[in-house]
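The chain contents come next:
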Amino acid sequence: DGGITQSPKYLFRKEGQNVTLSCEQNLNHDAMYWYRQDPGQGLRLIYYSQIVNDFQKGDIAEGYSVSREKKESFPLTVTSAQKNPTAFYLCASSIAGLHTNTEAFFGQGTRLTVV
Amino acid sequence: AQRVTQPEKLLSVLKGAPVELKCNYSYSGSPELFWYVQYSRQRLQLLLRHISRESIKGFTADLNKGETSFHLKKPFAQEEDSAMYYCALSQDGGATNKLIFGTGTLLAVQP
Chain F
61 DGGITQSPKY
71 LFRKEGQNVT
81 LSCEQNLNHD
91 AMYWYRQDPG
101 QGLRLIYYSQ
111 IVNDFQKGDI
121 AEGYSVSREK
131 KESFPLTVTS
141 AQKNPTAFYL
151 CASSIAGLHT
161 NTEAFFGQGT
171 RLTVV
Chain D
24 AQRVTQPEKL
34 LSVLKGAPVE
44 LKCNYSYSGS
54 PELFWYVQYS
64 RQRLQLLLRH
74 ISRESIKGFT
84 ADLNKGETSF
94 HLKKPFAQEE
104 DSAMYYCALS
114 QDGGATNKLI
124 FGTGTLLAVQ
134 P
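Chains as they are written, first to last, in my numbering: chain F, 61 to 175; chain D, 24 to 134.
I should point out that these hints are in silico values taken from the structure, not numbers from a laboratory. This structure is a prediction, so every number in the text was calculated from the model and none was measured. Backbone N, C-alpha and C define an ideal beta-carbon position, used for all residues, glycine too. A few of these clues could be false.
With a straight-line cut-off of 25 Å between C-alpha atoms, the simulated DSS-like cross-links for lysine-lysine are [unchecked claim]:
id	chain 1	residue 1	chain 2	residue 2
1	F	K74	F	K131
2	F	K143	F	K74
3	D	K121	F	K117
4	D	K38	D	K80
5	F	K143	D	K121
6	D	K96	D	K80
7	D	K45	D	K96
8	F	K69	D	K121
9	F	K130	D	K121
10	D	K45	D	K32
11	D	K38	D	K88
12	F	K117	F	K131
13	F	K117	F	K143
14	D	K32	D	K80
15	D	K121	F	K131
Derived DEER-like restraints, expressed as beta-carbon distance ranges [said to hold, decoys possible]:
id	chain 1	residue 1	chain 2	residue 2	range
16	D	P41	F	V112	24 to 32 Å
17	D	L37	F	G100	21 to 29 Å
18	F	D119	D	L37	15 to 23 Å
19	F	K143	D	K38	39 to 47 Å
20	D	R64	F	E122	26 to 34 Å
21	F	D114	D	K80	15 to 23 Å
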């Protein structure tokens, strides 16, 4: 079954703890993205990666970190430095390189709640 | 500044009525715009992109550079069109999927 998978679906974290959100894709896509969604707001870009072992900050990268050691995986760590971590997190992937206007495929999302 | 504005949080129409979901953008270059849709309990997915000039599920969207708009239209709404719709703008002219999203409009089609 091809697609992009995020886990877990729901995640609870105590204040001051780091937590890692998983994102895996088997679509053979080079590019992967992390977005954050808050109530009443659109999705905002956290980090993105166009190729393995390379990634760039998006619009709201502070308090987050990522790695891209494998093409299939792009985990997001929400650190204790993130002041408002409670949100819905969406991972996406797409073709990269010379292609333009390609479709972004999204995961089902992870809802993170800080307690 | 790059921005996407969807002024309506909720749009409620009757089945068979025309639908127009508004989207305005701010972008200094040549914009690449998309409409994404999220049906209940499904993941966010691409509905259409302006460069393709396509009609998907009866929806069309025309880029109006003079009015900086990319409104989504359908002449006759169906109940299955009920969903959350997001307008999105590529931050780099379509080279990547670094997207700026609007806040979304919930379309509710009443029977």
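We went through each hint and held it up to the structure:
1. Restraint check for K74 (chain F) and K131 (chain F): not satisfied, since their Cα atoms lie roughly 31 Å apart, outside the 25 Å limit.
2. A threshold of 25 Å between alpha carbons decides the hint, and for K143 (chain F) with K74 (chain F) the separation of about 13 Å falls inside it, so the pair holds.
3. This hinted pair checks out: K121 (chain D) and K117 (chain F) have alpha carbons roughly 11 Å apart, not beyond 25 Å.
4. Distance check on the hinted pair: K38 (chain D) and K80 (chain D) sit about 15 Å apart at the alpha-carbon level, within 25 Å; holds.
5. For the proposed pair K143 (chain F) and K121 (chain D), the alpha carbon gap of about 23 Å is at most 25 Å, so the pair holds.
6. With a C-alpha separation of about 11 Å, the suggested pairing of K96 (chain D) with K80 (chain D) holds against the 25 Å cut-off.
7. For the hint pairing K45 (chain D) with K96 (chain D), the CA-to-CA distance comes to about 9 Å; that is within 25 Å, so the pair holds.
8. Restraint check: the Cα-Cα separation between K69 (chain F) and K121 (chain D) comes to about 24 Å, which is no more than 25 Å; the hinted pair holds.
9. For the suggested pair K130 (chain F) and K121 (chain D), the alpha carbons sit about 20 Å apart, so the restraint of at most 25 Å is met.
10. Between the alpha carbons of K45 (chain D) and K32 (chain D) the distance comes to roughly 10 Å, so the proposed pair stays at or under 25 Å and holds.
11. With a C-alpha separation of about 31 Å, the suggested pair K38 (chain D) and K88 (chain D) falls outside the 25 Å cut-off, and the hint is violated.
12. Annotation: proposed proximity of K117 (chain F) to K131 (chain F) holds, straight-line Cα distance about 18 Å (limit 25 Å).
13. A distance of roughly 17 Å separates the Cα atoms of K117 (chain F) and K143 (chain F); the hinted pair therefore holds under the 25 Å criterion.
14. Taking the CA atoms of K32 (chain D) and K80 (chain D), the gap is near 22 Å; set against the 25 Å cutoff, the hint holds.
15. For the proposed pair K121 (chain D) and K131 (chain F), the alpha carbon gap of about 18 Å is at most 25 Å, so the pair holds.
16. The hinted range of 24 to 32 Å is not satisfied by P41 (chain D) and V112 (chain F), whose Cβ atoms lie roughly 47 Å apart.
17. At roughly 26 Å, the beta-carbon separation of L37 (chain D) and G100 (chain F) lies within the given 21 to 29 Å, and the hint holds.
18. At about 38 Å, the beta-carbon gap between D119 (chain F) and L37 (chain D) misses the expected band of 15 to 23 Å.
19. Separated by about 45 Å at the C-beta atoms, K143 (chain F) and K38 (chain D) satisfy the suggested range of 39 to 47 Å.
20. The supplied range of 26 to 34 Å is met by R64 (chain D) and E122 (chain F), whose beta-carbon atoms lie about 32 Å from each other.
21. With their beta carbons about 37 Å apart, D114 (chain F) and K80 (chain D) fall outside the hinted range of 15 to 23 Å.
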